[in-house]
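Chemist: Just so you know, the protein sequences line up as chains Y and H, in that order.
Numbering-wise, my numbering comes out as the position in the first sequence, counting from 1, plus 36.
Numbering-wise, my numbering comes out as the position in the second sequence, counting from 1, plus 22.
By construction, these hints were calculated from the structure, which means they are not laboratory data.
Only a predicted model underlies this, so the values are computations on that prediction, with no experimental measurement involved.
Hints may be right or wrong, so weigh each one.
[As the list claims (entries may be wrong)] Think about it this way: if two alpha-carbon atoms lie no more than 30 Å apart in a straight line, the pair counts; the simulated DSBU-like pairs of lysine-lysine are: (1) Y:K250 / Y:K131; (2) Y:K131 / Y:K59; (3) H:K95 / H:K71; (4) H:K71 / Y:K97; (5) Y:K97 / Y:K164; (6) H:K71 / Y:K59.
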Amino acid sequence: MQSKTLFNENGHQWIVIGRDPHKDAHVIDTNEYVIISRGQAMLLDPGGIQIFPQVLAELAKYVRVQDIRVIFASHQDPDISSSLAMWLDLNPDIKTYCSWLWTGFISHFSTGTAIELNAIPDEGMRIKIGDLGVEVEAVPAHYCHSSGNFSLYDPLAGILFSGDIGSALVPSHEAGLIVTDFDQHIQYMRGFHLRWMPSTTALRSWTQRIRALKPRMICPQHGSVFQGDMVTRLLDWLDSLEVGQWKGSTPPRESAKAA
Amino acid sequence: MLDALGLFKRNINQLFGICVDIMNTGRSLQLLSSSMQTLANNGVIQAAKIGGGKGRPILALVESLNQTPREIKPEVEAIEQLCAELARLTAQSSNIVWRYYQLIASVLVAMPQGRQASCLMDRDLPSRLRFTTTADISRLMSHPSFQFGEPLERDNRSSIAAICQANLTELHARLSEALRCLNDTRRALHGLKMIGLTARYMAFCIASEAAALDEGGMNFKTLAAEIGHVVDELDARTHAMKSSIDEGQSLVELLLKGDSYAKQDTLQ
């Protein structure tokens, strides 16, 4: 597992953990992010159970396990939070946040102790990182791709965690963690967005909300991080997409008639 | 190392499967108890129909037999309770070992790699430990390489290893309780067997008395044969439960010692 500090100013840090060369080939590669604010940490989409040992071992280089105070789940998928029970086993005081739509579903990841989740309302909310840390903002991203979906914006760092938006299926663990050639990178994002994003309207409404925030960096859950000019290029590219267009294959009977 | 622990984990899941089998068989005993009750009621009615003094010995026997299901019922209920407790304990054990496996894997991934670790005399120690006992974790924690790295990493390694030890202690407590439950279930089954033997003896006596009756005796011969079948079924199911209990017991005893069992089918 690799890790990289994306931001570090006045005791406020963003770290990305990802690109596990040892993970099983059938497990999709994910990025896990941690915000450390005045010694207290927030974990964003902590990942699936398969990669929990690697993520924990890497995270242990940056923050005391007892200082993880908050977990944010952008949506309900297993690659986002099937490890939740493990994190809560490590530290039962961690506060966990996800869309109100999924609290009852994610609780099924429990392996003993009940998982109690704090519900984020549809319009989003501010979340404080522990008792001492700063506040970050859950930004609505519904239907991008999940029907109850949030991005997370940190105004102090100017970094947006975008969940699956901007994600890419990069070919190997050696791919760079930061996007340097946007045009080259599109090939890894295109299929992902066309199939996993169900609503062009929802996607455009999200880009509008994000443009207003003017983030300096966009960090997706899969693939590579966008910074500087790449942020605008990503938002423009997303605006150009028509997603959720699968119309189904022609049923065999129809094909026969046509013939 | 993780292969040995993986097998240990799989054995605990197998134990859960065995205990579910025991529980299902235990529940099926309730049906046998009902069948026995129906047969005994039927016997009382048939015996009451026999005129004169001829039916008295049989009536006395079937009335006595009528008590058997009442004796079986609390025994079967007690077995059901024990079986449910057993399934609960082994399900908890499966959850604990699953969490433990992930955490100990984290500790090992977080162990220092490369030159710093390889300069140790006993650098292969972690790969030789099986991590199925708290003693294994203590050995790892006292190994010099455990103290390498930045203070933050060392602290985290220690605190995760401490949780691992707590998990294993909890696992052993659950397995010990499961072993006690298995023994209690075996004892309860012995009580059931004694009741079955009594019922079989009653059936034999009823058949003997029925031989002295004329046509009316046929009903009682059939009744005695039916009771015999129910007791046979009871014996077969208690035997199956005993085999599962033996299997479960051997497995728990191995697991409590930190050992595991590689063969996928029944235990030797």
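Chemist: Against each hint, give a clear statement of whether it holds in the structure.
Modeler: Here is what the structure says about each hint:
1. Y:K250 / Y:K131: Given that 30 Å is the threshold and the Cα spacing comes to 28 Å, the pair holds.
2. Y:K131 / Y:K59: Answer holds: Y:K131 to Y:K59 is near 28 Å, not above 30 Å.
3. H:K95 / H:K71: Within the cut-off at roughly 28 Å; holds.
4. H:K71 / Y:K97: violated (87 Å)
5. Y:K97 / Y:K164: Status holds; Cα separation ~23 Å.
6. H:K71 / Y:K59: Violated - the C-alpha atoms of Y:K59 and H:K71 are around 78 Å apart, more than 30 Å.
Hint compliance for this structure: hints 4, 6 are broken, all remaining hints hold.
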